[in-house]
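Asks: Sequence:
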Amino acid sequence: MKKLVFVFAVLLSFSFAAQAQEGIKLGLKAGVNYSSLSGDGTDELDSQFGFHVGGFLDYGISEMVSIRPELLFSTKGFAVSGDGDNDFNQTLSYIDLPIMVRVNAGGLYFEGGPTLGYLVSVKEGETDDYKKFEFGYAAGLGYQMPSGLGIGLRYQGGLTSIIDNDDADKITNSVFQLGLSYTLGTK
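Mature numbering (1 follows the signal peptide of the UniProt record, and there is no 0) puts the sequence shown at residues -20 to -1, 1 to 167.
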């Protein structure tokens, strides 16, 4: 955990230095996750709510296109409904690194790109039951106001199984995210 805090601090310091350069902006974001699992045997599992919070750099390539790496703490997971006494919620906490390509059309934007997740903790059970790294993709759209405030909707799907058992079926995270963002240094 100390290593993750150190890496985040280093990235943040580079971000502040980069913010002064033309075409590079720093921002913060937070929002709600609605997550479940996809794959064989997941039909009886329910979705659950979580959250994401973190920061981003926005590298303007042109007036219409930018690259936006993000560093987020994100909770994902699933729920199992029983008879009340047997209800079960599993929360998987990740450090996510999505690298989004954004196409801006006025205030409206469309985005897509790869994601890499590192499993930090598991609410129930052992982290050994789950793979430490998750690779996936994300796509979304949103609206960015001139004031720097933005709202976005994104889908994040896993490409690699989260279960650390080669004999198990491929099970992936499936997450819808609704978030607010603020780009610093805008007017």
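What the hints contain is simulated information worked out from the structure, not anything from laboratory work. Wrong hints could be hidden among the right ones.
Label-pair restraints from in silico Cβ distances [unchecked claim]:
#1 60 to 131: 13 to 21 Å
#2 33 to 102: 14 to 22 Å
#3 71 to 96: 39 to 47 Å
#4 45 to 133: 44 to 52 Å
#5 22 to 98: 17 to 25 Å
#6 24 to 127: 43 to 51 Å
#7 126 to 150: 18 to 26 Å
We treat Cβ as the ideally placed atom computed from N, Cα and C, and that holds for glycine.
Asks: Does each hint hold? Answer for all of them.
Replies: Evaluated hints:
1. 60 to 131: 13 to 21 Å: Hint violated: Cβ distance 32 Å, outside 13 to 21 Å.
2. 33 to 102: 14 to 22 Å: For residue 102 against residue 33, whose Cβ atoms are near 19 Å apart, the range 14 to 22 Å holds.
3. 71 to 96: 39 to 47 Å: violated, 20 Å
4. 45 to 133: 44 to 52 Å: violated, 20 Å
5. 22 to 98: 17 to 25 Å: Given range 17 to 25 Å: holds, Cβ gap about 22 Å.
6. 24 to 127: 43 to 51 Å: holds, 45 Å
7. 126 to 150: 18 to 26 Å: Since residue 126 and residue 150 have Cβ atoms about 44 Å apart, the given range 18 to 26 Å is violated.
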